[in-house]
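Modelling step: build the complete structure from the supplied sequences, incorporating the hints.
The chain contents come next:
There are 2 protein chains.
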Amino acid sequence: MHYSTAQRVEAPAMTEAHHVADRPLADGRTRIDFQTEPSRYRHWKLKVDGDVATLFLDVDEKGTLFEGYDLKLNSYDLGVDIELADAIERLRFEHPQVRAVVLRSGKPRVFCAGANIRMLAGASHAHKVNFCKFTNETRNGIEDLSGNSGLATICAINGTAAGGGYELALAADHIILVDDGSSAVSLPELPLLAVLPGTGGLTRVADKRKVRRDHADFFCTTEEGVKGKRALDWRLVDEVVPSSKFEEAVAARAREFAARSRRGDAKEGIKLAPLARSFSPDGVEYGSLAVAFDRGARIATITLRGPTAAPPASAEAMVALGAAFWPLALARELDDAILHIRLNEFDVAAIVFKSSGDPGEIIAYEQFLDADKDHWLTREIRHLWKRVLKRVDLTSRSLVTLIEPGSCFAGTLAELAFASDRSYMLLGRHEGDNKPPATVALTAANFGAYPMSNGLTRLASRFLANPADLEAANAERGKLLDAEAAQRLGLVTFAPDDIDWDDEVRVFLEERASFSPDSLTGLEANLRFAGPETTESKIFARLSAWQNWIFQRPNAIGEEGALKRYGTGQKPAFDTRRV
Amino acid sequence: MHYSTAQRVEAPAMTEAHHVADRPLADGRTRIDFQTEPSRYRHWKLKVDGDVATLFLDVDEKGTLFEGYDLKLNSYDLGVDIELADAIERLRFEHPQVRAVVLRSGKPRVFCAGANIRMLAGASHAHKVNFCKFTNETRNGIEDLSGNSGLATICAINGTAAGGGYELALAADHIILVDDGSSAVSLPELPLLAVLPGTGGLTRVADKRKVRRDHADFFCTTEEGVKGKRALDWRLVDEVVPSSKFEEAVAARAREFAARSRRGDAKEGIKLAPLARSFSPDGVEYGSLAVAFDRGARIATITLRGPTAAPPASAEAMVALGAAFWPLALARELDDAILHIRLNEFDVAAIVFKSSGDPGEIIAYEQFLDADKDHWLTREIRHLWKRVLKRVDLTSRSLVTLIEPGSCFAGTLAELAFASDRSYMLLGRHEGDNKPPATVALTAANFGAYPMSNGLTRLASRFLANPADLEAANAERGKLLDAEAAQRLGLVTFAPDDIDWDDEVRVFLEERASFSPDSLTGLEANLRFAGPETTESKIFARLSAWQNWIFQRPNAIGEEGALKRYGTGQKPAFDTRRV
Numbered sequence: 001m002h003y004s005t006a007q008r009v010e011a012p013a014m015t016e017a018h019h020v021a022d023r024p025l026a027d028g029r030t031r032i033d034f035q036t037e038p039s040r041y042r043h044w045k046l047k048v049d050g051d052v053a054t055l056f057l058d059v060d061e062k063g064t065l066f067e068g069y070d071l072k073l074n075s076y077d078l079g080v081d082i083e084l085a086d087a088i089e090r091l092r093f094e095h096p097q098v099r100a101v102v103l104r105s106g107k108p109r110v111f112c113a114g115a116n117i118r119m120l121a122g123a124s125h126a127h128k129v130n131f132c133k134f135t136n137e138t139r140n141g142i143e144d145l146s147g148n149s150g151l152a153t154i155c156a157i158n159g160t161a162a163g164g165g166y167e168l169a170l171a172a173d174h175i176i177l178v179d180d181g182s183s184a185v186s187l188p189e190l191p192l193l194a195v196l197p198g199t200g201g202l203t204r205v206a207d208k209r210k211v212r213r214d215h216a217d218f219f220c221t222t223e224e225g226v227k228g229k230r231a232l233d234w235r236l237v238d239e240v241v242p243s244s245k246f247e248e249a250v251a252a253r254a255r256e257f258a259a260r261s262r263r264g265d266a267k268e269g270i271k272l273a274p275l276a277r278s279f280s281p282d283g284v285e286y287g288s289l290a291v292a293f294d295r296g297a298r299i300a301t302i303t304l305r306g307p308t309a310a311p312p313a314s315a316e317a318m319v320a321l322g323a324a325f326w327p328l329a330l331a332r333e334l335d336d337a338i339l340h341i342r343l344n345e346f347d348v349a350a351i352v353f354k355s356s357g358d359p360g361e362i363i364a365y366e367q368f369l370d371a372d373k374d375h376w377l378t379r380e381i382r383h384l385w386k387r388v389l390k391r392v393d394l395t396s397r398s399l400v401t402l403i404e405p406g407s408c409f410a411g412t413l414a415e416l417a418f419a420s421d422r423s424y425m426l427l428g429r430h431e432g433d434n435k436p437p438a439t440v441a442l443t444a445a446n447f448g449a450y451p452m453s454n455g456l457t458r459l460a461s462r463f464l465a466n467p468a469d470l471e472a473a474n475a476e477r478g479k480l481l482d483a484e485a486a487q488r489l490g491l492v493t494f495a496p497d498d499i500d501w502d503d504e505v506r507v508f509l510e511e512r513a514s515f516s517p518d519s520l521t522g523l524e525a526n527l528r529f530a531g532p533e534t535t536e537s538k539i540f541a542r543l544s545a546w547q548n549w550i551f552q553r554p555n556a557i558g559e560e561g562a563l564k565r566y567g568t569g570q571k572p573a574f575d576t577r578r579v
Numbered sequence: 001m002h003y004s005t006a007q008r009v010e011a012p013a014m015t016e017a018h019h020v021a022d023r024p025l026a027d028g029r030t031r032i033d034f035q036t037e038p039s040r041y042r043h044w045k046l047k048v049d050g051d052v053a054t055l056f057l058d059v060d061e062k063g064t065l066f067e068g069y070d071l072k073l074n075s076y077d078l079g080v081d082i083e084l085a086d087a088i089e090r091l092r093f094e095h096p097q098v099r100a101v102v103l104r105s106g107k108p109r110v111f112c113a114g115a116n117i118r119m120l121a122g123a124s125h126a127h128k129v130n131f132c133k134f135t136n137e138t139r140n141g142i143e144d145l146s147g148n149s150g151l152a153t154i155c156a157i158n159g160t161a162a163g164g165g166y167e168l169a170l171a172a173d174h175i176i177l178v179d180d181g182s183s184a185v186s187l188p189e190l191p192l193l194a195v196l197p198g199t200g201g202l203t204r205v206a207d208k209r210k211v212r213r214d215h216a217d218f219f220c221t222t223e224e225g226v227k228g229k230r231a232l233d234w235r236l237v238d239e240v241v242p243s244s245k246f247e248e249a250v251a252a253r254a255r256e257f258a259a260r261s262r263r264g265d266a267k268e269g270i271k272l273a274p275l276a277r278s279f280s281p282d283g284v285e286y287g288s289l290a291v292a293f294d295r296g297a298r299i300a301t302i303t304l305r306g307p308t309a310a311p312p313a314s315a316e317a318m319v320a321l322g323a324a325f326w327p328l329a330l331a332r333e334l335d336d337a338i339l340h341i342r343l344n345e346f347d348v349a350a351i352v353f354k355s356s357g358d359p360g361e362i363i364a365y366e367q368f369l370d371a372d373k374d375h376w377l378t379r380e381i382r383h384l385w386k387r388v389l390k391r392v393d394l395t396s397r398s399l400v401t402l403i404e405p406g407s408c409f410a411g412t413l414a415e416l417a418f419a420s421d422r423s424y425m426l427l428g429r430h431e432g433d434n435k436p437p438a439t440v441a442l443t444a445a446n447f448g449a450y451p452m453s454n455g456l457t458r459l460a461s462r463f464l465a466n467p468a469d470l471e472a473a474n475a476e477r478g479k480l481l482d483a484e485a486a487q488r489l490g491l492v493t494f495a496p497d498d499i500d501w502d503d504e505v506r507v508f509l510e511e512r513a514s515f516s517p518d519s520l521t522g523l524e525a526n527l528r529f530a531g532p533e534t535t536e537s538k539i540f541a542r543l544s545a546w547q548n549w550i551f552q553r554p555n556a557i558g559e560e561g562a563l564k565r566y567g568t569g570q571k572p573a574f575d576t577r578r579v
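Read top to bottom, the protein sequences are chains R and A.
Sequence positions in the first sequence follow the numbering used here and run 1 to 579.
Sequence positions in the second sequence follow the numbering used here and run 1 to 579.
It is possible that some hints are incorrect.
Any copy, or any two copies together, can satisfy a pair, since identical chains are not distinguished.
Stated by the list, open to error - Derived EDC-like pairs (lysine to aspartate or glutamate); straight-line CA-CA distance at most 20 Å:
(1) K208 <-> D469
(2) K107 <-> D179
(3) K229 <-> D60
(4) K571 <-> E510
(5) K72 <-> D58
(6) K245 <-> E559
(7) K210 <-> E143
(8) K373 <-> D358
If you are wondering where the hints come from, they were derived from the structure by calculation, not from laboratory data.
Here the structure is a predicted model, which is why all the values come from computation and not from measurement.
As structure tokens, then:
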């Protein structure tokens, strides 16, 4: 595949900020940046005290991502959530000794008022949807922190937890609500704004906390929410305590949960150094990864580069490498690249995954990680890749992997081919190119380390029809499989030879760019996740899809709709037809 | 609850047809009627020959439900599907000796072109969504016919099965495709119309037939579809046969499937007599059920009446009663009433279920049905109620059950309370009313006969948090439970006394009418279906939600959108941003 200069010239001139949203970014930003670090936080404070960490939400009203609103009452925009996501990653990598984390407010009488309504009212549909997706991923990450890294999460609510505020609490293992006659949990989105709680609230109420459906119906249609004993009886919180006992209860629960934690004994973490990146009009360069935009063709090509050195000699040497350890560096870079495309480059229709490197080297890294798989850092790296690959699955762009000579789609990198809507693998060589034919290789990582949000591995989802196909693939672990073998095993979609390659790939990419982006989003959301459903997959499937629909309806976003009229003193006017 | 005359007077004058769609109904109809019978079919022919039935689709181009389009190439609108749904019911009740049914075309070279595009392009959003819901329910009913009534379904495709045509095939147990070099199966909605296959196609491809996701991606983005060997290799069909062997293969497969059928030995069915109904501006009167509209308050009250006679003396006597047998009559009437509200009364915000009768009599009927539960007719009646109750679950209106003195919410009728978003049960008596306090009663029917689309009973879904609650309810089977007991067991939401009753109910109903209808639809779709997911629930949750979103997007329905421009020769112009 090649991008012609002609196409580039025809492409409309686009500034990076062009597609971000309908309103300008604040503070002169030209793009949304997903990289931050605790010293730069404006909204969260991370305090670590022995094996207990506390995350204080204390939103800087003026520290908004876009212009045009203030973040009152600990309400949030994407910028606030980027800090939370960063803090959670740092608890994993920089603070392996932490066994429990308390989420609480740094402000009196309010825990969190949820997503900022004026921000939502003025955001583009694309931003709103991708904002919700990111916040959902962050909350799923909190649950992953507890469920898979043994770091218990306690949400201490001393004040009002409304909407997204309560949804943040719902991600925790244990919710403590102060019983002061006024503090309440609520999901007021429907009565107040004519939208849904969009960050997993309904799914977690129904499926995680298993609140009875009629209680849930009452709760979700009651602007003021539920407090005290009823909140406990209805399973909306786990504990209510009087104001006078609040601090004591929070501290006691943190100690108890920390004591029960299954987290290991590491005392020292590694430093998540800032990613070295350079942005240009045509792409982004990272250490082990490059993003190239062909804006005329509406394609982003992500090329992942294999390791330049053999795996370290020991786990200690890996720790010493820290964030420079290739598998960790690449995961962080891929995550950043995907988020950049999602939120800053709405016009990209398809993401093309390519790779360059020696598949044998990657297999060596996989073996290194497996040899020390109970080491805290290898575990965290596997979990990070799991989350990054889930982020890929949930990216609403057409995904295609091109497997050509010189590529290294082995083990973890091969997951990108299985995460893609299609893959093309060159049969033989490109004319005039003397690189040996492309191979793919499976490793143990492809058979368990990286479940999708449906709870199955990508290969298990792929071979749902016939588990024997999964066994056949498993039997070929560790081998460098050529295009014929990969095709026979069902690992790639098509394996054209050099004569057909350019045309097949070109036609596919042109087609994707020509189709309605919305129908592709719906198609991919339906075809990518066969098999069982989990709370997580239900959030992205059922809840998000309905929310997106509602976000598009005049009753929410029209001139007379609830989002537009919120705070104006005027009541919204609804089209009363039920659909 | 009472409807004030004042409210009625304030209500805008509405003709019944007002909300049906943006275009007028054809042939002077004033509403969509869900009742039909074979002698009135314009599009299907039902031929019964021993234990094999054949349903021929031979659409009358001019026999449209609305004005403004022709049903070319065996394409369909809701009117065509109402006949199919009717035919399926008649196979159940009128032809118990049939063990296999063949679905095929009555036209040469085309099986079915799917939902009519011009119909879709001109339909209101509310009609489109409810049209898709009904067609989905019909296809789920075909699968229920096979899965639970042992009547195997074979789809014989001799020509093109495109879009909804292939989706109809997907509902069958066995798909035979002629291999003539041109006949193909296809889902061309995305490339052709910028929408999704909306009748379960994506879900059945991914989850029922377990087509590999990259194959599915190719298939669903390829206008011309897939034929011959590839269709078989990719699991899109079960059998391909040359033209010369087609009739032979269809007949052979029908015989084989009929021979393997688990259907019983009944030789004679009962006649599904036309429902006696009378429509007035304020409601509909059926034999055992009444619908009353309060259009000012946007409420439909459905009052179900208990039996007027004891159960028949024997199964033979039940067969002799036929369609007049109370449980069967009531199920058919409730189904018709729900469909009437869904498609003809879009402005109804809430459906209120009430009942009148003797709960003891209902328990007697439940016992009668259970005593003969292997009788073909009692089984079909239970399955019908199961489908009708699922239809209630999937009705996007707020549902509330009011349990007052004189009501008979026992067994099957109690399911309506569990299907409702909330229920209110009067504690004690209404002042000045000497009827004894209300009771509810559980029977065996509440613990297995009526799974929801998630595969669980309504009580199991309700008590997901604590299976002991389900056991506690089970222990009270057969007892007449007063409001206190029902409340303690978690069977009703609220149990106000006479002093609070009117206000509580009024406030609830006023609230529901004041909320955004769209957000209620999304809320209810998320809260009603906790627990596991099935192919069926995924269709209504994931697929329908995405399709509804796409149906609302300018890329599909805008002036430059694909639905609007279809057939004009002009290409659609898309907003290229991915969301």
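My question is about K208 and D469: at a cut-off of 20 Å on alpha-carbon distance, are they close within one copy, between copies, both, or neither? The answer is between: 18 Å across copies meets 20 Å, while 33 Å in one copy does not.
Checking an output row: K229 and D60, CA cutoff 20 Å. Within, between, both or neither? neither (33 Å within a copy, 63 Å between copies)
With identical chains treated as interchangeable, where does the CA-CA distance between K373 and D358 reach 20 Å or less: within a copy, between copies, both, or neither? neither (23 Å within a copy, 66 Å between copies)
Given identical chains, is K107 near D179, meaning Cα to Cα at most 20 Å, within a copy, between copies, both, or neither? within (17 Å within a copy, 71 Å between copies)
Alpha-carbon proximity context of K571 and E510, limit 20 Å: between (46 Å within a copy, 15 Å between copies)
Regarding K72 and D58, is the shortest C-alpha distance of 20 Å or less found within a copy, between copies, in both, or in neither? Within one copy, since 10 Å is at most 20 Å while 63 Å is not.
Intra- versus inter-copy proximity for E559 and K245 (alpha-carbon distance at most 20 Å): For K245 and E559, the Cα distance exceeds 20 Å both inside one copy (47 Å) and across copies (62 Å).
Quick one: K210 to E143, C-alpha cut-off 20 Å, is that within a copy, between copies, both, or neither? Within one copy only: 16 Å inside, 30 Å across.
In this structure, the hints that do not hold are numbers 3, 6, 8, in rising order.
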